[in-house]
Amino acid sequence: MTDDLTQLTIKEASRLLRLGSISAADLVTAHVQRIERLDQHVKAFLRFTPEVWEKQADEADRRLRQGDAPPLCGIPLAVKDVLCVRGVETTAGSQILKGFRPPYTATAVARLFEAGAVMLGVTNCDEFAMGSSTENSGYFPTRNPWDLERVPGGSSGGSAAAVAAGEAMIALGSDTGGSIRQPAALCGVVGMKPTYGRVSRYGLIAFASSLDQIGPFARSVDDAAITLSLMSGLDPLDATSSDRAGMEVLNNFGAGVKGMRLGVPREYYDVKGIEPGVKSAIDAALAVLRTQGAEVVEVSLPHTDYGLAAYYIIAPAECSSNLARFDGVRYGMSEVDAPNITEQYLETRRKGFGSEVRRRVMLGTYALSSGYYDAYYLKAQKVRTLIKRDFDEAFKQCDAIVSATSPTVAFPIGSKTQNPLSMYLCDVLTLGGNLAGLPGISVPCGTSHGLPVGLQVLGPQWGENVVLRVARSYEEASGVKTQVADVV
Amino acid sequence: MSSPSGDARHLPAQRGGVWEVVIGMEVHVQPRTRSKMFCGCAIGELGDAPNTHVCEVCLGLPGVLPVPNKAAVEACLKTALALGCEIPRHTKFDRKNYMYPDLPKGYQISQYDLPMSINGHLDVGGRKVRIRRVHLEEDTGKLIHAGDKLHKAWESYVDLNRAGVPLMEIVSEPDLRSADEARDYAIELRTLLRTIGASEAEMEKGQMRAEPNISIRREGSSELGVKTELKNINSFRALHRAILFEVERQKQLLEAGDTVVQETRGWSEAEQRTFSQRSKEFAEDYRYFPEPDIPPLELDRAWIEDLRRGLPELPAVRRARLVADHSLPHRDVAVIGADRELADLFDGAVAAGAPAKQVANWIVAEVAPSGKLPSAQNLAELVKLVSDGSITRDQAREVLVESVETGRTPAEIAAEHGHKQVSDESELRVLAEAVIDANPKAAADFRGGKKQAMQALMADLRKRAPQANPKVANELLLKLLG
Ligand SMILES: [Zn+2]
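Chains as they are written, first to last, in numbering that gives the first Met the number 0: chain Y, 0 to 487; chain G, 0 to 481.
It should be emphasised that the hints constitute simulated quantities derived from the structure, not laboratory data.
Possibly wrong hints are sitting among the right ones.
Covered by chain Y, per the in silico footprint, the following chain G stretches (three or more residues, Cβ under 8 angstroms) [unchecked claim]:
1) 47-59
2) 65-74
3) 93-101
4) 326-339
Cβ coordinates follow ideal geometry from the N, Cα and C atoms, glycine included.
Start from the sequences and build out the full structure, keeping to the hints where you can.
Here is the structure:
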C-alpha cells in the first residue's frame, strides 16, 4: 500500500486526499519510507527537511479537514539545491556554501508552499548548476534510478532522479542550457523549462542570469502544467519577471494537436552523435503525433552550430560575475587565516569551488576582459540574436518544434568527466531554447536499450500552452506513461 | 572670486611660458530617496551603528536580485534635465566587476556605454562647463581597519550601511581652469541640486563627493598633460586647497624635469597635502558587461516631458531675474540666488508688498546668517514696520528672532513689547543732552575733531532708549555738539 502512494500523479493523489482515503501525513510517510529504502543507492537528496515536512503535512491535513485545500495540498516536493529556502541549508551543490542557511525563500518555492506542497528535502545537482551529469556535485554523484551505474543527467539530476525513483511526486529544477529537460529525458520523467521571465528567479542562486529559468519535474504533463502555473507570474523582487498571468499556461492545453504544424529542425534531427535508438524513438513519436492529426514539417535553425560556442561564452561570462560574491567575507567557506585579503579570496575559492566551476569562471573572466570582449562576449551576443531570429523564422512555418531532448540516453558514470567538451555536447539540442528564452518540455517517449528517451517540444515565447498541448497529446495517444523505477 | 593666496591659473614658469591648469570633475551625489538603489533598505545617517541598514539584497547574499528604485531614476533624470542634458530613449545598467570586501556582490551596478543622459552644461561665473554624462550607480560599503591599510591591517571590519545607496555620477569635461573655478562649479552644482530637490548635496554628510582630475600644460598647448585624480575630499574648502596643492606639486615636478605619474591621490585634511594611493585602476580590468538582472529601461518621452515641466526656476534664471526685476546688488543676488528657500522667501515677501531692496537686505544680513527662516508674510510685515518708522532696526532684530521662534506676527510682538520708534525732537533733545553730560570725554573728543567719537555717544543713546529714531537722534547730537 505505502509504495503505491509513491507511484501517483498529483491528480490521483489529490483525489485520494480529498476523499479522505489518505492523509497528507500518509503520503509523506510513504515517500519518506521509500527514500529510506532507496536513496542510499540513488543519492538524489543532499539533505532532508523533516522540520519542514512535519509542519507542512500537519497544515495540509488541517486544511483538508476544513475543506479549503489549495491545489497542491499535501503533494510531496523535492527542491534543487540552488533554490533558497528560509532556514534550510542551501549550497548550490558546492562546498563553498556549506552551512549556508538563507534567511529568505525563493519566490517559486514560496508559491508552491502557499499552494500546499510539502517539502521533503534538497536535491543534489552539479555545482552551481554547471554540468550535465550531476557528477560535478561538490558532495557526491547521483545515480540514474534505471541503471545505478549511469548518470541521471544534469545539472538538476537529483530532482529528476527523485521523481523517477518515487522519492518525490514533483520536484523543482533550474534550466540554463538544458538542466531540467536533459535529466528529465535521461530519467524518464516530464521536465519543463518555461519562457524566460515566466517564473521569478528571486532566490535562485544564479549561474547565468540571462539564461536561468526555474521549472518543474513531474510524472505527467498535467502535473507539470499545474505546478508551473502555480509558480508563475510577476514578482516585484525580480525585475525580469513578466506580469503575464500564470494560469495562461493552461489555456487550451487539452485541445490536441489536430491541425497543428510541428516543425522538425533538420539540424536537430540529424545532430552529430545522435544515437540510432534515440532517433528511432523520436521517429515513432512523430508517427504518433501524425496519427493525432498533426502535420509534421521540416524546418531549419541554420545557426545551431554556433549556438554551443555562444552559450559557452555567455554562460561562463555571466557566471564569472555572479560567483564573485563567494569571497569568504560574509558567509560560506572562508580561509580567514590567509595572510591578506587577496590570499583569502584565492584560498577560499580554490578550496570551495570544484574544477568545472573554476574552469568556467576563468573562461568567463577571459571572455569579458578588455581586448577580448568584442571578439568573444559581443560576438556571442550577436550569435544569440541570430539564433533568436532562427526560431522566429521557424515559428512562421510551424506552431511548435519537436526533437530529441538529448542525443544520447543516460551514459555511464565517469565516461565523460575527463573530456569537458563531450559533456558540453549533451546540451546541444536544449541550449538554443535558453539562448532564445523559449519554453520547452521533455516528455518520456519510450526507451533505447532499456533506458528512457525524451521528446523535446519547444514553443514560441509565452507559448507554454502550445508546448503543453503537444506534449499532452503525445502522452495521451502514445500510452507512454512516466514509470517509477524499481531501482533495486 | 580670486584667491589672495595666488590662484593657480597663471603660474609663472621658468621657461616655456605660463602653465595652464586643466580640471575635470567627477561628482558623486546621493539623490534624495527613501530607500537604497536596488532594495527596500532605508538610507542611514552617518554614524549609525554598522550594518543596521542592510538586507539580503544589499548584503549580496546568493540568489537575490536588484530592482531599480524609481525615485532615484527620477532624481537622476531631473538633474540631467536641469543640466540641459540629452536623455536617450534607452538606457541600461552594467556590471563593473572587481573584488573588494566593501563590495558585497563582487561587482558594482553602474552604467557604462548607455548612461541615463549625456552632453549637458553648467554655467559657472559666466563660463559654460560642459557636462559629459550623468548616470546612476550604487555606493559601496565602508571598511574600518585595525592597523594601516587593508593589506597591512591585522583586522578589518566591514560596514555595509552605505552599500547599495544610490549615487548619481556627474562627469564634466576638462573645462575648468583653476581651483577657484572647480570650487565654484561644485558650489553651483549643489545649488542646482538643492533647487530642483534632487539631493541635499551636503558634502559633510557624504551626500556629495567631488573628485577632480587635474593636469597642467603650457598655455597655448592643445595637448593634455598627465592627470591625477584626487579623492577623500569632503568640503568645498578641502576641494580648493587640494587642487592648489596638487597643481603646485605637478608644477614643481615638471619644472624639475620630472614627470607626473597618472594615479589616484588622496587628500589628507590633517597634513593638508595629497598622497599617492594604491591605485586600483592600473591592475584592474573592470570587465563591464550589461547587467542581466535588470532589463534595459525605456525612457518614456511623456514622462521626461512631465519631469521637465515640473522643474522649478533654475538658479541661473533666478539670478538673472533678481537683477532684471529688482536691480539687486551682486552681493545680494549671490546669497539669495544660491538657496531656493531664501529665494522663495524673497519672492514671497516682495509679493506681500514689502520693498525689494530692503527685503533683500534683511535676508542677507539677518535671515541667511541665522539659517532660520520666517514666513514670507511675517518678513514683509517686519520690513514695512521698519520702513514706515514704526520700530527701530534694533527692535526689529529682536522681533524677527521672536517671530521665527513663535511664528507670531511682528506687529503683535512689537505691540506686546511696547516697541515703537520715538522721533519727537523735544523728547529726544532731553535724551541727547543727558548722553553728552554722561560722556564728557567723548563729547570733547568729537568737538576736537575725532569724528569716530560719535559712535560711543550713539551707542550710549541707543542703550538708554532703544526706541529712539537713530537718524533724528544723530542729527540732534551733531547739532548740540556743533
Ligand atoms: Zn538592502
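Hints and how they fare:
| no. | hint | in the structure |
| --- | --- | --- |
| 1 | 47-59 | holds (count 3) |
| 2 | 65-74 | holds (count 3) |
| 3 | 93-101 | holds (count 4) |
| 4 | 326-339 | violated (count 0) |
Checked against the numbered hints given earlier, the structure breaks only hint 4 and satisfies all the rest.
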